[in-house]
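Using the sequences plus the hints, can you model the full thing?
Same order as they appear, the protein sequences are chains A and B. Start counting the first sequence at 41; every next residue gets the next number (my numbering). Start counting the second sequence at 41; every next residue gets the next number (my numbering).
Please keep in mind that the hints were generated in silico from the structure rather than gathered at the bench. Backbone N, C-alpha and C fix where the C-beta goes; we use that ideal spot for every residue, glycine too. Warning: the hint list may mix true and false statements.
Unchecked claim - Here are the simulated EDC-like cross-link-like pairs (lysine to aspartate or glutamate), alpha carbons at most 20 Å apart as the crow flies:
| hint | chain 1 | residue 1 | chain 2 | residue 2 |
| --- | --- | --- | --- | --- |
| 1 | B | Lys42 | B | Glu67 |
| 2 | B | Lys189 | A | Asp153 |
| 3 | A | Lys96 | A | Glu67 |
| 4 | B | Lys196 | A | Glu175 |
| 5 | A | Lys196 | B | Glu175 |
| 6 | B | Lys43 | B | Asp94 |
| 7 | B | Lys189 | A | Glu256 |
| 8 | B | Lys210 | B | Glu194 |
| 9 | B | Lys189 | B | Asp153 |
| 10 | A | Lys43 | A | Glu67 |
| 11 | A | Lys43 | A | Asp156 |
| 12 | B | Lys210 | B | Glu256 |
| 13 | A | Lys210 | A | Asp156 |
| 14 | A | Lys189 | B | Glu175 |
| 15 | A | Lys189 | B | Asp115 |
| 16 | A | Lys42 | A | Asp153 |
What the hints assert, rightly or not - From the structure, some residues in chain A lie toward chain B, with a derived Cβ separation under 10 Å:
| hint | residue |
| --- | --- |
| 17 | Asp94 |
| 18 | Gly109 |
| 19 | Thr188 |
| 20 | Pro260 |
Claimed, not checked - Computed Cβ-Cβ distance ranges for the label pairs, DEER-style:
| hint | chain 1 | residue 1 | chain 2 | residue 2 | range |
| --- | --- | --- | --- | --- | --- |
| 21 | B | Gly109 | A | Val193 | 16 to 24 Å |
| 22 | B | Asp153 | A | Ser224 | 40 to 48 Å |
| 23 | A | Asn206 | B | Ala250 | 34 to 42 Å |
| 24 | B | Gly109 | A | Ala258 | 42 to 50 Å |
There are 2 protein chains.
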Amino acid sequence: MKKAVVLLSGGLDSATVLAIARTLNFECHALSVDYGQRHRSELTAASNIAQSLDAKVHQIIPLDLTVFGGSALTDPSIAVPTQIANSDIPITYVPARNTIMLSLALAWAEVLDCQDIFIGVNAVDYSGYPDCRAEFIQAFETMANLATKAAAVEGKQIAIHAPLLNLSKKEIIRTGLDLGVDYSITVSCYQADAHGHACGKCDSCRIRRAGFAAMEIADPTRYQ
Amino acid sequence: MKKAVVLLSGGLDSATVLAIARTLNFECHALSVDYGQRHRSELTAASNIAQSLDAKVHQIIPLDLTVFGGSALTDPSIAVPTQIANSDIPITYVPARNTIMLSLALAWAEVLDCQDIFIGVNAVDYSGYPDCRAEFIQAFETMANLATKAAAVEGKQIAIHAPLLNLSKKEIIRTGLDLGVDYSITVSCYQADAHGHACGKCDSCRIRRAGFAAMEIADPTRYQ
Chain A
41 MKKAVVLLSG
51 GLDSATVLAI
61 ARTLNFECHA
71 LSVDYGQRHR
81 SELTAASNIA
91 QSLDAKVHQI
101 IPLDLTVFGG
111 SALTDPSIAV
121 PTQIANSDIP
131 ITYVPARNTI
141 MLSLALAWAE
151 VLDCQDIFIG
161 VNAVDYSGYP
171 DCRAEFIQAF
181 ETMANLATKA
191 AAVEGKQIAI
201 HAPLLNLSKK
211 EIIRTGLDLG
221 VDYSITVSCY
231 QADAHGHACG
241 KCDSCRIRRA
251 GFAAMEIADP
261 TRYQ
Chain B
41 MKKAVVLLSG
51 GLDSATVLAI
61 ARTLNFECHA
71 LSVDYGQRHR
81 SELTAASNIA
91 QSLDAKVHQI
101 IPLDLTVFGG
111 SALTDPSIAV
121 PTQIANSDIP
131 ITYVPARNTI
141 MLSLALAWAE
151 VLDCQDIFIG
161 VNAVDYSGYP
171 DCRAEFIQAF
181 ETMANLATKA
191 AAVEGKQIAI
201 HAPLLNLSKK
211 EIIRTGLDLG
221 VDYSITVSCY
231 QADAHGHACG
241 KCDSCRIRRA
251 GFAAMEIADP
261 TRYQ
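Below, the structure is given as structure tokens:
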């Protein structure tokens, strides 16, 4: 059974990715990063999802990005916006977050002797973050294959899988439902409360809610 | 005054890089990563170097890479070799270390509105780590310029400076001495004791000692 490292935030997208990786018959090593995010209940959600979708291991690694600040998700003095974002990249963008998370996944993959990394980035119904685009993922993969002993010396090429990249939120939800994902245990909200109940107002809540509406099914999200 | 983020390990190379960045008149934000390394006195050394070379700020960010293991530097059950390494990459290689450190530097750089990152990698008198080569640094820079809001949207291109890349250890030491680096406060040893005293036997000690010998000057390293 081939191993994979799956980045698991606790939200809808990464839960779907874990289900996809399991369907592809990977032995899944789920990785979450406790980066000081406001929405801490997403880490609890990640643990529940890892168990529900039969990940072999779930590792939460602490990395306090609040020391850098610069985002509404890591700096308590910056409010999470609840208005429709304009065309600019919103303040919920966390500098270099996906670069850092993929780097950590790369380190774990090398130790596990594993060549497959899964990430739930999506460039359709998303918030405009630059590190959610295909060209970023491709550049990371190229870099990763020069960075590690496994790839550079032993010829074990790393593949960064981003199976949601070109799907709409509706298509992601349809895929997940087909694979048995229980979306009621996922937390997407940027300011979910301690019980994982969503605000229903932030960008992430809006995009998620629109996805269920487009699917014409009941939204299983637990709101505040 | 332009800002730079300078990765500072506490060793000879990164101290020299900080001196170079200061000479180029950058306001230096020094970044060290407490990744659970054996040689913890290098973090104390990093603080002393940051102060001695007039960094504006020195940030130590904790990131416990021992959860992944896989290296003699982060796994207490793996001994640091004291024999000459063969042609293979040694067990002191920490999986994806430079990728992770550069990612953290990238995050901080973006928050600081800074476009210059300095790292002391070196591909001449080094231990054969894949993430110390020019092609890796170049690939990281390409990826970084797709990853961040600053680069991707605002056109603020990131430059990864690796000024030691093609220098021998002797040339690095000569450069540092010209710029006033006090090498007695730097710690290169993989298993330095709590006082920063070097073993004199590991790969890193051997390469460093040979550098001073090649310069035909007294080795200021404090040995055990």
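Structure-based check of each hint:
With a CA separation close to 6 Å, the supplied pair B/Lys42 and B/Glu67 stays within the 20 Å bound. About 33 Å separates the Cα atoms of B/Lys189 and A/Asp153, which puts this hinted pair outside 20 Å; it is violated. In summary, the hint linking A/Lys96 to A/Glu67 is supported, as the alpha carbons are separated by about 6 Å, within the 20 Å threshold. Simply put, B/Lys196 and A/Glu175 have alpha-carbon atoms about 17 Å apart, close enough for the 20 Å limit, and the pair holds.
At roughly 17 Å between alpha-carbon atoms, A/Lys196 and B/Glu175 fall within 20 Å of each other, so this suggested pair holds. The straight-line distance between the Cα atoms of B/Lys43 and B/Asp94 is roughly 13 Å, inside the 20 Å bound, and the hint therefore holds. Restraint check for B/Lys189 and A/Glu256: the C-alpha separation of about 34 Å exceeds 20 Å, so the hint is violated. With a CA separation close to 41 Å, the supplied pair B/Lys210 and B/Glu194 exceeds the 20 Å bound.
For the suggested pair B/Lys189 and B/Asp153, the alpha carbons sit about 11 Å apart, so the restraint of at most 20 Å is met. The suggested pairing of A/Lys43 with A/Glu67 holds, with an alpha-carbon distance near 5 Å, which does not exceed 20 Å. Distance restraint check for A/Lys43 and A/Asp156: the Cα-Cα separation of roughly 7 Å lies within the 20 Å cut-off, and the hinted pair is therefore satisfied. Taking the CA atoms of B/Lys210 and B/Glu256, the gap is near 9 Å; set against the 20 Å cutoff, the hint holds.
Simply put, A/Lys210 and A/Asp156 have alpha-carbon atoms about 26 Å apart, too far for the 20 Å limit, and the pair is violated. Of the pairs offered as hints, the one joining A/Lys189 and B/Glu175 holds, with about 14 Å between alpha carbons and a cut-off of 20 Å not exceeded. A hinted pair counts as satisfied when its Cα atoms are at most 20 Å apart, and A/Lys189 with B/Asp115 qualifies at roughly 17 Å. For the hint linking A/Lys42 to A/Asp153, the alpha-carbon distance of about 10 Å falls within 20 Å, and the restraint holds.
The beta carbon of A/Asp94 is not positioned within 10 Å of any beta carbon in chain B (closest approach about 22 Å), and the interface hint is therefore violated. With a least beta-carbon distance of about 6 Å to chain B, the hint placing A/Gly109 at the interface is held under the 10 Å criterion. For A/Thr188, the suggested interface contact is upheld, since its CB lies about 6 Å from the closest CB of chain B, less than 10 Å. The interface hint given for A/Pro260 is broken, as the beta carbon of that residue sits about 32 Å from the closest beta carbon of chain B, more than 10 Å.
Distance hint check: the CB atoms of B/Gly109 and A/Val193 are about 19 Å apart, consistent with the given range 16 to 24 Å. The given range of 40 to 48 Å is respected by B/Asp153 and A/Ser224, whose C-beta atoms sit roughly 41 Å from each other. The hint said 34 to 42 Å for the Cβ distance between A/Asn206 and B/Ala250, and at roughly 53 Å that hint is violated. Hint check: B/Gly109 to A/Ala258, Cβ distance near 45 Å, so the stated range 42 to 50 Å holds.
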